[in-house]
Structures are given as structure tokens and as C-alpha cells.
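Protein chains: 2
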Amino acid sequence: MGPPGARSAPSKDWLASQGGLPRRSSHSPLAGWLNRRLAGLLQWKLSAAAVRLQLWDGTSLYGGAEPPTGTLRVADARTLRGLVFNPHLQFGEAYMAGRLDVEGELTPVLEAVSRLSLVPSLRERIAVRLPLPNSLSRARRNVHHHYDLGNDFYQGWLDEQLVYTCAYFEHPQVSLEEAQRAKLDLVCRKLRLQPGETVVEAGCGWGALALHMARAYGVRVRAFNVSREQIAYARERASREGLGGRVEFIDDDYRNVKGEYDAFVSVGMLEHVGVKHYESLARVLKRVLRREGGRGLLHFIGRDIARPLNAWIRRRIFPGAYPPTLAEVTTKVLGPARMSVLDVENLRLHYARTLAHWSRRFAAIEDRVRSRYGEEFRRAWELYLAGSEAAFLAGTLQLFQVVFSPAESAPPFLTRVEIYGGERADQWFAATR
Amino acid sequence: MGPPGARSAPSKDWLASQGGLPRRSSHSPLAGWLNRRLAGLLQWKLSAAAVRLQLWDGTSLYGGAEPPTGTLRVADARTLRGLVFNPHLQFGEAYMAGRLDVEGELTPVLEAVSRLSLVPSLRERIAVRLPLPNSLSRARRNVHHHYDLGNDFYQGWLDEQLVYTCAYFEHPQVSLEEAQRAKLDLVCRKLRLQPGETVVEAGCGWGALALHMARAYGVRVRAFNVSREQIAYARERASREGLGGRVEFIDDDYRNVKGEYDAFVSVGMLEHVGVKHYESLARVLKRVLRREGGRGLLHFIGRDIARPLNAWIRRRIFPGAYPPTLAEVTTKVLGPARMSVLDVENLRLHYARTLAHWSRRFAAIEDRVRSRYGEEFRRAWELYLAGSEAAFLAGTLQLFQVVFSPAESAPPFLTRVEIYGGERADQWFAATR
Chain A
1 MGPPGARSAP SKDWLASQGG LPRRSSHSPL AGWLNRRLAG LLQWKLSAAA
51 VRLQLWDGTS LYGGAEPPTG TLRVADARTL RGLVFNPHLQ FGEAYMAGRL
101 DVEGELTPVL EAVSRLSLVP SLRERIAVRL PLPNSLSRAR RNVHHHYDLG
151 NDFYQGWLDE QLVYTCAYFE HPQVSLEEAQ RAKLDLVCRK LRLQPGETVV
201 EAGCGWGALA LHMARAYGVR VRAFNVSREQ IAYARERASR EGLGGRVEFI
251 DDDYRNVKGE YDAFVSVGML EHVGVKHYES LARVLKRVLR REGGRGLLHF
301 IGRDIARPLN AWIRRRIFPG AYPPTLAEVT TKVLGPARMS VLDVENLRLH
351 YARTLAHWSR RFAAIEDRVR SRYGEEFRRA WELYLAGSEA AFLAGTLQLF
401 QVVFSPAESA PPFLTRVEIY GGERADQWFA ATR
Chain B
1 MGPPGARSAP SKDWLASQGG LPRRSSHSPL AGWLNRRLAG LLQWKLSAAA
51 VRLQLWDGTS LYGGAEPPTG TLRVADARTL RGLVFNPHLQ FGEAYMAGRL
101 DVEGELTPVL EAVSRLSLVP SLRERIAVRL PLPNSLSRAR RNVHHHYDLG
151 NDFYQGWLDE QLVYTCAYFE HPQVSLEEAQ RAKLDLVCRK LRLQPGETVV
201 EAGCGWGALA LHMARAYGVR VRAFNVSREQ IAYARERASR EGLGGRVEFI
251 DDDYRNVKGE YDAFVSVGML EHVGVKHYES LARVLKRVLR REGGRGLLHF
301 IGRDIARPLN AWIRRRIFPG AYPPTLAEVT TKVLGPARMS VLDVENLRLH
351 YARTLAHWSR RFAAIEDRVR SRYGEEFRRA WELYLAGSEA AFLAGTLQLF
401 QVVFSPAESA PPFLTRVEIY GGERADQWFA ATR
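Protein sequence lines, in the order shown, are assigned to chains A and B.
Each residue of the first sequence is one higher than the one before, starting from 1 at the first, in our numbering.
Each residue of the second sequence is one higher than the one before, starting from 1 at the first, in our numbering.
A few of these clues could be false.
[Stated by the list, open to error] With a cut-off of at most 35 Å between alpha-carbon atoms, the simulated DSBU-like pairs for lysine-lysine come out as follows: (1) A:Lys45 <-> B:Lys286; (2) A:Lys286 <-> B:Lys332; (3) A:Lys276 <-> B:Lys332; (4) B:Lys258 <-> A:Lys45; (5) A:Lys286 <-> B:Lys45; (6) B:Lys286 <-> A:Lys332.
Derived by calculation from the structure, the hints in this document are not laboratory data.
Predicted model only: the values in this text are computed from it and were never measured.
Sequences are here, hints too, so could you generate the full structure?
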């Protein structure tokens, strides 16, 4: 399978559009009239977001009260129709093909556009009720589609540890590297890992969290992933760091996890599970987490209100992905697994900041990406990174960390004080009860 | 209306039962056989919880592997039938009437019994789908039923500030007084209150939180409550402390709140709202919370899985009350109000500890309570306090604090560090973005 950006994308004259969008005048007066109406409608909506629309013939109808944040340049009537009738899919399709361009900074324009759809559309409300299939074999295919692009591709713009999830910026000046280390450690502290405990990780990426848990907290980890390239990289790193005895990387679906563990952790995998399979995740949780004193953490991209992931992202970047609401996670995963929610934190602005770092690094290697994967791919990824940052800034995407423990067991901690550097208060409750 | 414990309760010979349960032998052999069967069934269930059952004739069929935590002494066949066929309601009815007694410590026995019903029964699954009515006038009546028992009643066993909600025990040795102050302050810190801001409080009890916010954080508060006795007490205290200019106590339903505020807070009221009225709470939230930079906090007794409040508590203690799940709150209140969840904390063991304090203090004034309200009332309240503690210990009740802000506004804080004594990181994000 080729890189996602290229998969069945129509071959477009984006190169021509680089030097100025081609002007195509419509030959039919009716079509011309229709295009003007559609452009008027679209500009009316975009004006509310202070975004200017410019057509292939140079026309602009911007009527916003303030100076525009940026300009969408539309190359042809087909693109215009796409933006009016199916914007969630066609914005991305047109952008990656070069039929749509953005003048001005990309993220602020995308953020402004995202704010126009804080509430799900009717199309989204219907689509969210249709189940996404995600069998074991399809899950594997979906993961390969994205994560097996080549480790060196991700090494080009992720942090040194290849952590491809939201970082945690504790202080203003921290680097992406520090923020990713801080995130790994925050997860461990939220789980209150103790030396000698056992942890199962579902969806371990390149292994950074598993290795951090074993190294800094002295736990034994079994980490699952269906991306072969990532597993190979993680194993190599584990043996290089002498952690091979404490961390086992397993090339298998998390649903095949066996054994019983003190902690369950999954960072950035739930989005790929699909609501239809929450039941099987619940069964896994119920089976593998020690009932007395066990605890778990799910870190995932989520929503305030149920709606599908952006249609274009789903087609080109993350097939099968779905960011759930807290309600879906509590009623379909944690409830059936008989887990109690102990702690939820929303880190959406941290993900926006993480994505801003990735975008900058990605831009720095754009020539390399273009020559290896083609310009369509590069534009697709540029849009995906900036669009995701915009969605976290606008609040159409959330980033939730949810800590839970079996309902019948006493919560393994009483306050959050020790997570944030205060005195440990874990053990006192039992002693003084 | 009389005190809740007395309302339409059958007058029972509980006094007789104090000196030993009356022995009544059944005259019909068939009834005798039936009772033995029912007792066997009940003891079989209770044995799993290490609780012994003793019948009116002294019979005990305990077959647990370990020594029993305590004994349930059943005074007659009617009580036995109630415990078998409708335990959620009849346990309390029998206990308050003195037809059921507990030998051994009350809370551990109730906790063991609670653990038998971690999963909702079929009866509860059906009941939870039936709406509870809660009109403005009924809401007022329900509140009067409980909260207008007389301030001096509550002064007998609450902390000095009359805070009738879950406290926050930061350290092992803190008193109830300190833990309630710590809770008030935790709420303010989670809301990041700033001097000069405006706050609306829905359901303000005796006013402790409103006064703390105004005194320690310099905000202006409008606090709503439909309990006249509480409002009168709160107003008196505000003027005594010279805070009358900054805190306005309003004898009205929260649904009549007007104006726009920087923060919305409600501690221990959501349980009394009823799912049917979440829509109107959502409308209130949407209307009164400033969209840019506003934030809110809901503190409430909740559930992991949707089920009605214990039937006896609903009949005798809190008519119309319902502890919601996080999913119900996010989909029916915060979602429709277009709010994003920023932070959730589960403090259930803190509520267990709070209730243990209340029980001890209540026991210390039991003679006074008995002589004023009668023994049935005293037994009802003893069971309510111990049973609630047991439910929080067993995990059938949760205590959630949920912080939220309007979906379209940037979350007003980036980390929790400053809540727990760390360096403030609030403002840096905008500056460095």
C-alpha cells in the first residue's frame, strides 16, 4: 500500500497552481450564475469567521467587519461546489490536490473555519450512528496505513523518543522533548506505579512509555502493538538500553492480551478502536486488570458531543478512527468493565502546542518529504497537522486522560497532591480509617 | 409536614424490640416451611458478604467460611419477606421501625451488604428509565422536607460552618472542620477565582461556600437556595461577617438565575435536580456563564452505572433525589449547554470519611434527637448516615467534582499544578503561543 496521501487520490495539476491558481471562466451563463450564488453563500458563512474567499477569476466578496485572517483561494467551480456541499471531506481533498490554497497563516485560518462547526451538522449526526467496522485484520491494516510509513519519516519531525501523542507542557519554555518526557512521567504518576508491579500497555507506539515505566518506576511491562516497524524499533531500543528483561514488546492486537496486571495503560489507541469494539475492550479490561488495587489510564482524543472524525482525515490519514465522548467511554468501556472513573483531565491546548511543534519540524523537512512521497502527500500532512492543531485550539477536539480502577476496590489514592509534587498522602487513609 | 423519619411510617413496637426481638412463631406449618425457605435463600446471599441472619425464633443458618462481620436480627416474617422481595426499600423500613436490628458495627455490615449489589438489579434498571417529576413547587417541597428540619438539628452534628456535603481530607489528621474548609478552598482553586469576578451559586446551603469565596477570593456572589431557614441563616451570617455587600443570598430556584457570571458553582444540588430537568439546568448554564473565559464546577453524588437512588432513602430522606452518572451529566447537562469537561475528580472515600464524622457526632446527640423527633426518626437518620458511608466505601456511590468551561472558549488554565501548591502556569500559554 502506498503512502496515505497518494491512495486513490485524483491526479491534479497542483504544480500549475503553485505559481498562481489557474483561471477558468465558466462558459454557461447559468453555471456562472450558480457559481456566484454558491460563492456568495460560502463567503457569507466564512465572513463570520473573518476568512476571505477568492475565486479562480480573482473575484472576492468578503464582507466581514474586521480585516480577514486569511484567504481561501479556490481554483475551480468543482472545488467551490465541494466546499459548499461537503466541506468536511472536500476541503482536504481540494487542499491536498492544490485546487484550494490558503493565503496567510494556515492554522489561524483553519481554526477560524473550525469554529464555524462547533456543533455537529445533520450529516455528522447521521454518520455517527453508523458503525465503523474494525475487525482484527482491518485494525492491523488501518494501523499499517498510517504507522508503517517508515520510522525515518517520523524521526524527521517527532521528538527524539518518537512519541506520537499529546505532550504535556508543564512550564512555558519547555521543549517538545521535555514535554514528551513530562507526559510519560505524568502518566506514570497518575497510575501511582510502584517498583515490581506489572503493567500491560495497549498500543505502545515506538515504546517510549513502556521503556520509561520500566526504567524510572521499576515495573515489568508487556506492551502490545500491531505495527511491525514500531515493534522492531522498540525491541531494538529496549535491548540497547538493557531493559529487554523488564519490557516485552508483543506484535499482536491488544484484544489478545493475557494474564493479570496491576495497571493497564493505553495512550493514543482508543481513537483507533471504534465504538463497535468497545465491548471487547471492556472485556479485556475486566479480564486483565487486578480487581483489588488495580488501576488504569486511557489517554485519547475525544469529543464534547458525539460526531464522526473529519471525513477527510478518515479517508486520507486515519481510516477507521473515531474520537469518543467521555459518555461513550464511561458507558461502553468502563461501565461494562465495572470500572470507576477516578480522574479526568482535558489537555486539549497541550495537543495544540504539540502539533505546532510537529508542524514546524515538518516544514523544516518539506523538501525531503516532497521528493520522497510527492507534493500531494506533503500537502495532505501539512493540512492534517495544522488542521488538528486548529481543531484542538477551536475546541472541536479534546484530549482526555481518564484514570480508573475496579468499582469494587478502594481507589488506590486519596488526593492528587503527590502527582503535583506535594507530600504523598496515599497510604494514610487505610491506617487512620 | 413532620420530620422525614415520621412521615407516614407505620407505628411500630420498636421499643419492645430494644430489649430483645419479640419471638413470634408461625401458626401455619406451610407458612413455617415458607419462612425457612426464604431465610435459607436470604442467608445464602448474605453468607457471601459474611453477614449472619438471625430469625425471631433464634434460628441462624449462617454458612459463611469466615466469622461473620455482624448479624441481622429479623423480628418477624413480614420483615423477612421484605428483605427477600424488596430489600432496597424494606431494609430501611424495617430498621427504622425496629423490626430489623444489626448486631456488630453498623457501617461494616451495611458495606458488606452494599457490595452484594454493585450491579443494578432488574428492578433498578427498569426504575431508572421512569422519570422523576421535579417541578419548581415540588423541588421546593422536597427541599423543605429535608433541609428545613431546623438549623439547630444540623448544628448538632455538622461542622461549625454547617457544610452538608463531602469534605476534602488533605492529610491524615485533619478534623472535619478543617476538611470542610479545605473543600471550600479546593472548589475555589479549581475555579481559579480572581478578585472582582462574579460567581453564581446554585443551591448554597447555609452559605459557607459563598462566604468563603467572597472573603478569601474577593469575588461577588449571588447564591440561590429554596430553603428559607438556610437562607435566613446565611444572610444573618453574611451581615455579621460584613460580607453582605459582596454576597447576595436569594430565596429562589436556581432556574430563575439572571445575569451573566464569570463562574457557576453548585455543590450538592445536582442530586436533587432530577434527570428530567437537566435540560433546564443546561439552558441556565448556557445563559448565565460568560462564554469567553467563564468556567463552572458541579460537585455531586454520582454513579458508575445508571440506577435509582436507594428506594428507602428516596422515600424517607431525599424525595426526588437521583445521583447521575458522568455520562448523564455530560450528555444531558454539559453537552446541551455547549460546555467542555476540563477536570473530573472522584472523592468517594472522602465522603465516606465525612459521613463517619457525622455519624459519630450524631451518635453523641442521640438522646436529644430521640426526645425531640422520636426513635423512629433517630433510627432512620442513623441508618441513612451509616448506609451512605457504606455505599461510598463499597463503591455503589461516587462523589464527582466536574470542572467545565464553554466549548468555544480557551480553557482558562493549562495544568493543575497551581491547585496543588505548585507554581502558577495559567497565563503563560497565551504569552508564548
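Next item on the list: Decide if the proposed pair is consistent with the structure: Lys286 (chain A) and Lys332 (chain B), CA atoms, cutoff 35 Å inclusive.
Entry: With a Cα-Cα distance of about 28 Å, the restraint between Lys286 (chain A) and Lys332 (chain B) holds, given a limit of 35 Å.
Checklist line | Given hint Lys45 (chain A) paired with Lys258 (chain B) - CA-CA distance at most 35 Å | finding: Holds. Lys258 (chain B) to Lys45 (chain A) sits at ~32 Å (cutoff 35 Å).
Notebook entry, point to check: Can the restraint linking Lys286 (chain B) and Lys332 (chain A) be considered satisfied, given a maximum Cα separation of 35 Å?
Noted result: 28 Å, holds
Check: Is the straight-line distance between the alpha-carbon of Lys286 (chain A) and that of Lys45 (chain B) 35 Å or less?
Finding: Judged against 35 Å, a Cα distance of about 23 Å means the pair holds.
Item checked: 35 Å limit on alpha-carbon distance, applied to hinted pair Lys276 (chain A) and Lys332 (chain B) -> 23 Å, holds
Checklist line | Lys45 (chain A) paired with Lys286 (chain B) [C-alpha distance capped at 35 Å] | finding: OK: Lys45 (chain A) and Lys286 (chain B) at ~23 Å, within 35 Å.
Taken one by one, the earlier hints all hold for this structure without exception.
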